[in-house]
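Number of protein chains: 2
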Amino acid sequence: MTAFQELMAFQRETEALGQVMGRLGWDQETVMPSGAGAQRAEEMGALDGVLHARRTDPRIGEWLEAAEAPDEAGARQLDEIRFVFERTQRVPARLSAALARTTSLAHRAWAEARAANDFEMFAPKLSEVLDLTREKAAALADGGDLYDALLQDYEPGASGAELEAMFGALRPRLVALRERVLGSERVVPPMDRAFDEAGQLAISTTLAAAFGYDLNHGRIDKAVHPFSSGSGLDVRITTRTELHNPSNCFYSTIHEVGHAAYEQNVDGAYLLTPLGCGASMGVHESQSRIYENQLGRSRAFTGWLYRQMRGVFGDFGVANEDDFYAAINRCNTGYIRTEANEVHYNLHVLLRFDLERDLVAGRLEVADLPEAWNARFFKDFGVEVDVPANGVLQDVHWSEALFGYFPTYTLGNVYAGCLNAAMRAEVSGLDEALSLGDTRPATDWLKTKIQRHGKRYQPKDLIGKATGAAPSEAPLLEYLETKFGGIYGL
Amino acid sequence: MTAFQELMAFQRETEALGQVMGRLGWDQETVMPSGAGAQRAEEMGALDGVLHARRTDPRIGEWLEAAEAPDEAGARQLDEIRFVFERTQRVPARLSAALARTTSLAHRAWAEARAANDFEMFAPKLSEVLDLTREKAAALADGGDLYDALLQDYEPGASGAELEAMFGALRPRLVALRERVLGSERVVPPMDRAFDEAGQLAISTTLAAAFGYDLNHGRIDKAVHPFSSGSGLDVRITTRTELHNPSNCFYSTIHEVGHAAYEQNVDGAYLLTPLGCGASMGVHESQSRIYENQLGRSRAFTGWLYRQMRGVFGDFGVANEDDFYAAINRCNTGYIRTEANEVHYNLHVLLRFDLERDLVAGRLEVADLPEAWNARFFKDFGVEVDVPANGVLQDVHWSEALFGYFPTYTLGNVYAGCLNAAMRAEVSGLDEALSLGDTRPATDWLKTKIQRHGKRYQPKDLIGKATGAAPSEAPLLEYLETKFGGIYGL
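Residue numbers (numbering that gives the first Met the number 0), protein chains in the order written: chain A, 0 to 489; chain B, 0 to 489.
With the rest of the complex left out, here is chain A:
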């Protein structure tokens, strides 16, 4: 075997073990007996130790030195292995261990603080996590920007400055759109009645199939928080139901199907290799969001969904497809990011991006974080945060040291905007198909342009190749202004 083949064989086993770790996480959230948590922690800890030892195995360095890639895809495989190996080498074992220990404690402190609505209960642990994260960033940055160094874990090739420019262009037009929508005279009533769980889950499965989710290589279970898990031949999703809010179930399912179909549709040649998964968090989110929003919440598709719901639930108090489309896209102000509609969602993210960049740069102290949050929220949303659980304590990310993760949510929406514009310019009959519940013209295009490539290209290059232009916030803004201008008669 050549050095390249040896390295790839070693890596293949590591990828397989990584899939096992993911499956343990799935099991924990869906089927694990309630009393098994303590043992599960030891099981995952032991497997994590195995994975860490493999990822830092000095033979990887030797193989990388000697390996010659047989082709361009092979060269990308080596790039990916080198990228991860070098980052792992740069962070001292002591620091990795301290971060694992501290985030575990911080996660518990955050959950307790949120339940008690008391930021002070979380602040000391958050400070510790932030200090360790800055230390890690310095080790990774090698003299460069701290935040940019962290960002590479989630969005390779992105920079804080570039995102700041893009997000800076988004923010004023989103705030303006938000004000116009909320000031509109059009009143959209919510769907407020009970929809039985069996009916919701039946439609959820229909939706998953409609968006091309392959149940021979996946399954749908219920979980408290919807998620997608796994790559390759076993990619599972979860959903949830709320008795009075069926769209939570439907759009959670479509969102997770976007993530899962992406993993299922990666070229089989990349199975269990570093290229055998989505290109980045941002590109991943672009797939889940375009499935959920530009396709799933379109006038054409909601018309079909309305007819499905009538078939299952009978008359549920919404008179026609147009009213249903408006109800599905109803805009109200809320405190919580994960419950936000398309108009508000990115404003939630932009707030977090600016604050976490300031935290990492040392421009903002943890003690001043709640005030900074509340001031910014009032500025962009026009509402005072009532309690910390609805403000600075709402998200889990910072307790887990995931600084640099938040902007990929909006980047995903921006990419979805670019892809949607390019797709609609290229593909004819897309809305006609959607109005019959047929997503294939859209999902086939996304599979060809994005999904099958896995991690073969850098995120920006991938979007550029798919759309013929560099990523820009403009298509997303045009899409949102046109769509909500129509619904709210602006």
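Source of the hints: derived by calculation from the structure; they are not laboratory data. Careful, some of the hints might be misleading.
Since the list gives no way to pick one copy over another, a pair counts as held whenever it fits inside one copy or between any two copies.
[Claimed, not checked] In silico DMTMM-like links for lysine to aspartate or glutamate, alpha-carbon gap of 25 Å or less:
1. 221 <-> 196
2. 124 <-> 460
3. 378 <-> 161
Dock chain B against chain A, hints included.
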């Protein structure tokens, strides 16, 4: 840390990874998407490689050399670790790999041969497996008996000669009992009507709870073949339903609960250590069989079960508790071991024990195996085997090189007989409790005497301590002759 502590910490992680491997097996049989098999094989292969490397890690030898046990339980831990380590050392890596490869092919050949009812399709692969198994046995035996060397994987401390003596005493009285039962004038009709699956599963769950299965540390799913999986805080079982045969579901569940409750009830101090599981295959089977038969198929308990079934299914065509007791214990001759009643079951096992001992000793050729099987079956059961799938091809074990496994089934029944006799001598009011569906007087006794000790004692010592006498086939024979003498009016 002392050498003992280092060794135990290392071992703990290995045990945790072993639990992960078991969970992957559970997942594969219950919830895995149908198309995920190829990837799952790579995942399990990678984890198996990790486990093998840990189990042969040379540091274990160094730790064992230096370790001093702090107490007697610690000394037993070291014994167990040494036992496994030395056996692993004795088998060359080349031979282990050849066995893994060959059994994988042999398993497929066996399944195809069974489907085609053609022993010749299996014979070449079985010969290869047997040759490799004999080579492995020679490496393990170090000049001693080959079969005894294999037996130690399943029943530490047992010998073929000792089993031969015990089984030799069982066989004539079982054959005689079988003839008397089948010659009896008492006709027991089978329960032959449809019982809906939901009702069967509801009673199955009630039965699991009645036998003390802890659903906070376990769960029940459906699978093609019922099994129990896991140790410690996460021990799962599966069951199955047959529309016209609800007792298959009920007694599969009780049997697996016997295995699972044993694992759940091991002293928590042994969690994720070599002592943190059942003492042997034989002792394990003693628990599943005493739950299933001596308790679950007793007149007292079947009376309660009859009333549960009446509650769920209404009048199902069995007039009273006595008729139900007879129906549940109905004896007919069948070809298949796994479907056999208490009178016939051990005759199936004894046949396999004698044949596999002859195979391993080189006294019987694979080519002559079907004829030997059929002749012996006719001698003990009075019936000619019709097709190989009902004879020599019915069990998976030999294709997987599990020579030495079969006798533990009957040893388990023998142990169950000993435990039942001792328990009934010690515990008063047992049948009164069983007739109310209360198994606690029995299961508490078994927990105290057997289950909590895990692998702390050698199997024979454990049974001896629990019953006050060396294991013997006599109590099982007395139990069977009394029980079936009563049912069939002998």
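- Query: Which of the listed hints are not met by the structure?
  - Reply: 2
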